[in-house]
Amino acid sequence: MVFNSLLFLAFFAIVLGVHSLPIPWRARKFNLLVASYLFYAAWNPPFVLLIWLSTIVDWWAAKWIERSDDARRRRAFLILSLCTNLGLLAFFKYGGFLLDNFVVLLGSLGIEYRPASFNLVLPVGISFYTFQTLSYTIDVYRGKLRTSKSFLDYALYVTFFPQLVAGPIVRASTFLPQCIGEKRGTRSQIAWGFTLLTIGLFQKVVLADALLAPTADLIFANAYDTSFQDAWLGTLAFSAQIFYDFAGYSTCAIGAAMCLGFVLPDNFRFPYAAIGFSDFWRRWHISLSEWLRDYLYIPLGGNRTSAVRVHVNLLITMLLGGLWHGAAWRFVAWGGLHGIYLIVERILVARFSRFVSLESTAVRVCLALVTYGLVCLTWVFFRATDFASAWAMLRAMTIGSDANLIVGTSAVLSVGAVTLFLLATHWWLRDSSLEQKWGRLGLAGQVIVLLVMLVSLALVHGDQRAFIYFQF
Amino acid sequence: MRSSTSSSSDRIPDLRLGRVWVVVLGLITAGFVAWEVVLRATGFPPEVSPTAWSIARARAAEGVPVIVGSSRIQAALDLDAWVEARGGPTPAQLAMAGGPALPMLEDLAEDDRVDGFVLVDALAFHTFDASGNSGASVPQRMAEYDRFERSPATRLETFLRVGVSSLMAWRSPAAAPSAVWASLRRGEGLPVAPQSALRRDRFRPIDFVSSLEGRDWTPEDGFMVGEDMRFAREFGEAATAAGVAAIIERLEAAAQRIRTRGGDVVFLTMPACGPRLAIEEDRYPRAAYWDRLAEGVSFRTLNAADEPELVGFSCYDGSHLDRADAAVFTKRLVDLLFSNG
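Going down the list, the protein sequences come from chains A and B.
Just add 31 to the spot in the first sequence (first one is 1) and you have this note's numbering.
Just add 617 to the spot in the second sequence (first one is 1) and you have this note's numbering.
Source of the hints: derived by calculation from the structure; they are not laboratory data.
A hint or two may mislead.
As the list claims (entries may be wrong) - Beta-carbon label-pair distances, calculated as ranges:
no., chain 1, residue 1, chain 2, residue 2, range
1, A, Phe61, B, Ser800, 24 to 32 Å
2, A, Asp131, B, Phe649, 50 to 58 Å
3, A, Arg177, B, Gly648, 27 to 35 Å
4, B, Ser795, A, Trp422, 54 to 62 Å
5, A, Ala58, B, Phe649, 35 to 43 Å
6, B, Trp798, A, Phe122, 46 to 54 Å
7, A, Leu113, B, Ala799, 53 to 61 Å
8, B, Ala941, A, Val483, 40 to 48 Å
9, A, Leu444, B, Ser827, 33 to 41 Å
10, A, Arg57, B, Val654, 46 to 54 Å
11, B, Leu644, A, Thr205, 53 to 61 Å
12, A, Leu444, B, Asp923, 33 to 41 Å
As the list claims (entries may be wrong) - A few chain B positions that, by computed beta-carbon distances, are all more than 12 Å from chain A:
no., residue
13, Gly635
14, Val654
15, Ile672
16, Asp697
17, Thr707
18, Thr775
19, Val797
20, Ala855
21, Thr877
22, Gly879
23, Ala895
24, Pro902
25, Leu953
In this text, all values refer to a predicted model and were calculated from it rather than measured experimentally.
Ideal Cβ placement from N, Cα and C applies to all residues, glycine included.
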């Protein structure tokens, strides 16, 4: 089930209605849990079993870790959790990729091997909920978290439908305490929650799907025969599309949770106004960045080691972060490019920061635009279907090509307008908050903005596209 | 860093959004009700979402009569009249604009649950089109049906979308903002109400009579002249003799699979007239296409031109029947199919 569907509207109305009934808190949590399983099962019922497996294994692994004083036993249970969750990921998400690369490796050694085809359906959201349950067990192992006393609370933490399939990746320490006290959305939360749902849906349905996706799809489908202008237009279109698609999902998730009285962490903070790449990763997919930082980068040694080792740690983290997004080398390349950006930035900052003042708005704008431009380049690997087409796009973007233009003026205008709107709003909101700016709009301004978004949502005719991050 | 895009702080500032939402919902409701009233007053009917094909396809697997083919049979068969004449369940109307029969028939043949009566509109210029121009939307509809079958959520969503679109004229593509904007830019005011709209049962009645009101029209006065070039392009490339044989073989094989499950298939070609018929005859001569099909399949074939009961209807655009004739045509066809067959 996706947020941009009539089915979700009906489903959410029922869930919210039951959640608002004067029934015991435990019954309301049970309602949310059942609703969450239905939400997931609506896509592919058998894969609910995988969530149950992950939930049960981590519930018991964490309990046993907490109860045991024996370091080896504790480590064994941690390994059980890691193997279960990463095993699920490896099998369902990376199975085909690993097999393909194994065949290539054997081929390079002169051994011909033709395995049976490995066509598994990727369970939607598996990368998100496995990371979530893993963080619970690891935090318990590290002594940073007490295990939950209620299986119902824990199962709801793993399965909570607003963020189940595409994040934000919520930590148990953030969610579980919210299950203890009785919760129901206040009037302010419900009103703001629906406002966020509207903003999220507008980002997804109108900006990403209706205005940007057709141009990005057309140009990337013709990557081998793309002109300089089209290549840039397609890349800019996709850069904006991926933001509005994913941030739209996160905003909907946070808004839906808020209507139910739950608070989820932010996942985006106007990333295209970032000044530098460290800043970018503090603003883009924050819950994943923080997960990788806490459970991968810091255990590798983080910043508290030699400069070379810090660079290696950064690169490993970003390469694996890239691989998390998809089982293909182009995602690894995307992560690798970001790793290189971060390393180069560290070197430049160490050597030249005293010569550059970030107080000047002009300098900040220039650095933000450079960051944006370089981030856009990485999206080519993310969106292209393979390396060859990614190179073809990059070639057209740098040395140009004599291909004819394939998109019309209206596409240029819509992508240009949305990109300008995106950059302007990100810069405008960069050091502020949405609530703050929203509050300053006044009654008339708020009514107009909501009207524009809702009318656009109602009138947009088009395919109902899934969110891009569902595939991860 | 402060919370921003989604602002999940549980200390939500009191933005007094309650009254904002009351105003917004009031305005939205009033606006859309007014827009609906204006559209209905100017003759806009609600038009069912194209995803209704999935619902019809699912019904095809329930043993009801099935109709496949192009817009001609979709516009000509009034399914209420079919039920009145024949009794039993409403047929599953799978025909679609530009739809060649072959991929649809093969899809039905693949499905073991399809074991009833299948009426195939085997229009030559779609069936024997070698250019791939015909049936551009068939793969999309089939992909939608695949998701409809596999995902309970998609199934429910389709029913909801079809239900909503069958009630609201403002959801019609003809009333979409782009259509309204284009019409306003041309200085024509609101767009003209569409000549036809897909009904919930996928019958697409076409109202030629109203749109020709006040015009001194005869089929020979060149009504189709402006359309001829577009129509000629639609034809694409006709299959070669070998290609025709291969297509007939595939039609026969698919129909045989349905027959082995207890079903029956009838191949039909719908009436045409005027300049359009002349173009069809020129590009797809009957002897080289339809007659070969009739000889090459072991199933009943019906050419409307040979059946006195099925000729003589007003043929406004040379290709489709008017909605006023659909019920009569349907009853006559049902009689022909089930009384004489």
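Hints that the structure is at odds with (numbers, increasing):
1, 3, 4, 11, 12, 13, 18 and 19
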